[in-house]
Amino acid sequence: MDDTIDNNSTVRWEIMDHSPIIDLSDLVEDLKKHYPSKSDPVLSLVFVDKNANVQSFIELVTEYDFMVMLNMYKEEKEVTIYVTTDKLIPQSGQGELIDESDDENDSDSDCPSEESYHSRHSTDDEIEFLNDDCGTYKYSKKSPTMKVNSKYPDVISFRRALNHYAVTNEFEYVTEKSDLTRLTACCEDKKCGWRIHASLTQDGVTFEVKKFMESHSCTRSNKCGNKHATKGWIADVITDKLKSNGDVGCSELRKWLMKTYNVDVPYIRVYKGKELAYADMYGNWEDSFIKIDDFKEELRKRNAGSVVEIDFETKGDKKHFLRIFISLAACFKGFLAGCRPYIGLDACHLKGKFNGVLAAATSIDGNNGMLPVAYAVLESENTNSWTWFLESLKKAIGTPNGLVISSDMQKGLEIAITQVYPDVEHRECMRHLYSNFKKHFRGDFFMLKLWGAANTYSVSKHDRLLGEIESVRGEAITYLNENHKKIWSRSKFGTAVKCDYITNNISETFNSWIGELRYKPVLDLLDGIREKLMERFDKKKRIVNKWKGPLVPSTRKYLKRISKASYNISFEFK
1 MDDTIDNNST
11 VRWEIMDHSP
21 IIDLSDLVED
31 LKKHYPSKSD
41 PVLSLVFVDK
51 NANVQSFIEL
61 VTEYDFMVML
71 NMYKEEKEVT
81 IYVTTDKLIP
91 QSGQGELIDE
101 SDDENDSDSD
111 CPSEESYHSR
121 HSTDDEIEFL
131 NDDCGTYKYS
141 KKSPTMKVNS
151 KYPDVISFRR
161 ALNHYAVTNE
171 FEYVTEKSDL
181 TRLTACCEDK
191 KCGWRIHASL
201 TQDGVTFEVK
211 KFMESHSCTR
221 SNKCGNKHAT
231 KGWIADVITD
241 KLKSNGDVGC
251 SELRKWLMKT
261 YNVDVPYIRV
271 YKGKELAYAD
281 MYGNWEDSFI
291 KIDDFKEELR
301 KRNAGSVVEI
311 DFETKGDKKH
321 FLRIFISLAA
331 CFKGFLAGCR
341 PYIGLDACHL
351 KGKFNGVLAA
361 ATSIDGNNGM
371 LPVAYAVLES
381 ENTNSWTWFL
391 ESLKKAIGTP
401 NGLVISSDMQ
411 KGLEIAITQV
421 YPDVEHRECM
431 RHLYSNFKKH
441 FRGDFFMLKL
451 WGAANTYSVS
461 KHDRLLGEIE
471 SVRGEAITYL
481 NENHKKIWSR
491 SKFGTAVKCD
501 YITNNISETF
511 NSWIGELRYK
521 PVLDLLDGIR
531 EKLMERFDKK
541 KRIVNKWKGP
551 LVPSTRKYLK
561 RISKASYNIS
571 FEFK
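Per UniProt numbering, the very first residue in the sequence shown carries number 1; after that it's consecutive.
Read the hints as simulated data drawn from the structure, not as lab findings. Bear in mind that the values here come from a model prediction, so they are computed numbers and not experimental data. Please note: incorrect hints may appear among the correct ones.
[Said to hold, decoys possible] In silico PhoX-like links for lysine-lysine, alpha-carbon gap of 25 Å or less: (1) K492 <-> K461; (2) K439 <-> K411; (3) K259 <-> K223; (4) K540 <-> K564; (5) K243 <-> K259; (6) K74 <-> K395; (7) K546 <-> K333; (8) K291 <-> K351; (9) K439 <-> K486; (10) K351 <-> K411; (11) K439 <-> K394; (12) K541 <-> K333; (13) K243 <-> K255; (14) K532 <-> K301; (15) K272 <-> K351; (16) K272 <-> K74; (17) K255 <-> K241; (18) K191 <-> K227; (19) K227 <-> K255; (20) K394 <-> K498; (21) K243 <-> K532; (22) K223 <-> K241; (23) K351 <-> K296; (24) K211 <-> K223; (25) K315 <-> K291; (26) K291 <-> K223; (27) K449 <-> K438; (28) K395 <-> K301; (29) K492 <-> K449; (30) K272 <-> K77.
Could you build the full structure based on these sequences and the hints that come with them?
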């Protein structure tokens, strides 16, 4: 390592567990030793933000910035830091930028030299004047093109386009020169004449291809993989597929990449590419957990009286997020003031980087519409998580007189309800009951009799229909008695709550209502539900203001329907 640093020097540090350079202050102090011309130079350090959509820099100011940098480049294990003695970001750098090939680094193999290749475009500080007639590059994932005068918004866009061009044309390249102002690459086969050179234009941001030798003389194939099919490339090409098809498994994505681009990609790289695609689409998951406490306080501030509970688990001296419960004051007060004491419970799996479920307590408003009362992100469905959810729910709504809870067969929920709400009427969703029943007892006979027994209000009819099932298959009734002990028939419903639903479809409605929010990081998911609730309440308010008369529309329709049915009824008085 040189004793001094000038405009063309590169200094290399290896930061390991035993390294004397362990934080930003150590790095700065070590750097200052190489500036003898200044007794105490004021240094400005920046590095390239490789996750940004456009070329940008992050300045190293705090120790947190230093840790962010190390974490960002932990896979590459190498990062270029640009150092100046003022606040100007360098427009020409001497160190190589890290290539986007994150899984395998480019080798330093020599490119075939060609005299005059850089005769027009060789200087590091060149400024090219644009010709207005030059063609503008349009990125196409299906048929990428690359030619002289092709332009790209920035160096990152050019790198992505070059990677995509290499994958779709089934060859690999090595980088000869790469910094903030230029990129020169050639075919990995030393005997092949393919090479490309692109550099900054006058605006200091746009990248333009200045020299391009398109022909290959080598044998090309992706059958053994392609190092340019990086996780970044994978994220770029699968984003549209994830948006249109929802969550797609990594094995299916791997087959699709092979079929579409004829490239064999390792499963783990597909997994990382999928994670990166979700991060680009929906945001960063780790940041979501960091801000969860601030989100809690903001909810309480904006909607006073809201019940927001967060549970953490401690491992050593570190605190890890476990679960969060939210019941906005507007939701639970609306439930207590204007809804029947009926709650549907359900949970659906979250999509994305971390496992977990979204649990919800949903009720029915006066017009038989959905009213979300509470929702929570839980680590999984088990007795502990459901007990914590119900205890939090109880803080919001208490125990309304005649409370009914309807649910499916969630893991651990039955025990949790018994512990927190031991005296409530617990109903089981008939749709899920029959879904399990028909796995053992198939046929129209069983379907008609069992659904008839669930729908009837008559105890005698209910017993008769079950008796008919027992006469054909006695073990069917034994199965029901052993596996479905909760209430599932209208004839067994209590009379305190005027709600005769035999399914838990209101909870399924909530799951459908949140849509693609399940793919987002926790914070964006929760805030997305809050936004949807605000929009729903505003819409409902405007609709209700247009109603006329003392009855809600659903009640008027019901009365109209039964009054028409009574026209054919005759009465005889004696």
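Evaluation of the provided hints:
For the hint linking K492 to K461, the alpha-carbon distance of about 12 Å falls within 25 Å, and the restraint holds. With a C-alpha separation of about 19 Å, the suggested pair K439 and K411 falls inside the 25 Å cut-off, and the hint holds. With a CA separation close to 11 Å, the supplied pair K259 and K223 stays within the 25 Å bound. Taking the CA atoms of K540 and K564, the gap is near 29 Å; set against the 25 Å cutoff, the hint is violated.
Distance check on the hinted pair: K243 and K259 sit about 19 Å apart at the alpha-carbon level, within 25 Å; holds. Under the criterion of a C-alpha separation no larger than 25 Å, the hint pairing K74 with K395 is inconsistent with the structure, at around 44 Å. Only pairs whose Cα atoms come within 25 Å are accepted, and K546 paired with K333 is accepted, the gap being roughly 23 Å. Distance check on the hinted pair: K291 and K351 sit about 20 Å apart at the alpha-carbon level, within 25 Å; holds.
About 19 Å separates the Cα atoms of K439 and K486, which keeps this hinted pair within 25 Å; it holds. With a CA separation close to 19 Å, the supplied pair K351 and K411 stays within the 25 Å bound. As the CA atoms of K439 and K394 are separated by approximately 36 Å, the hinted pair breaks the 25 Å bound. For the proposed pair K541 and K333, the alpha carbon gap of about 15 Å is at most 25 Å, so the pair holds.
A threshold of 25 Å between alpha carbons decides the hint, and for K243 with K255 the separation of about 18 Å falls inside it, so the pair holds. Between the alpha carbons of K532 and K301 the distance comes to roughly 19 Å, so the proposed pair stays at or under 25 Å and holds. Of the supplied pair hints, the one linking K272 and K351 holds, its CA atoms being roughly 15 Å apart against a limit of 25 Å. Of the pairs offered as hints, the one joining K272 and K74 holds, with about 14 Å between alpha carbons and a cut-off of 25 Å not exceeded.
Under the criterion of a C-alpha separation no larger than 25 Å, the hint pairing K255 with K241 is consistent with the structure, at around 13 Å. A distance of roughly 19 Å separates the Cα atoms of K191 and K227; the hinted pair therefore holds under the 25 Å criterion. For a cut-off of 25 Å, the pair hint linking K227 to K255 stands: about 17 Å separates their Cα positions. Taken as a hint, the K394 and K498 pair is honoured in the structure, with Cα atoms around 22 Å apart against an allowance of 25 Å.
The suggested pairing of K243 with K532 holds, with an alpha-carbon distance near 20 Å, which does not exceed 25 Å. Pair hint K223 plus K241 holds up; C-alpha atoms about 23 Å apart against a cutoff of 25 Å. Proposed proximity of K351 and K296 is supported: the alpha carbons are some 22 Å apart, at most 25 Å. As the CA atoms of K211 and K223 are separated by approximately 29 Å, the hinted pair breaks the 25 Å bound.
Taken as a hint, the K315 and K291 pair is honoured in the structure, with Cα atoms around 19 Å apart against an allowance of 25 Å. Using a Cα cut-off of 25 Å, the hinted pair K291 and K223 is violated, with the two alpha carbons roughly 44 Å apart. For a cut-off of 25 Å, the pair hint linking K449 to K438 stands: about 12 Å separates their Cα positions. Distance restraint check for K395 and K301: the Cα-Cα separation of roughly 18 Å lies within the 25 Å cut-off, and the hinted pair is therefore satisfied.
Of the supplied pair hints, the one linking K492 and K449 holds, its CA atoms being roughly 17 Å apart against a limit of 25 Å. For the suggested pair K272 and K77, the alpha carbons sit about 17 Å apart, so the restraint of at most 25 Å is met.
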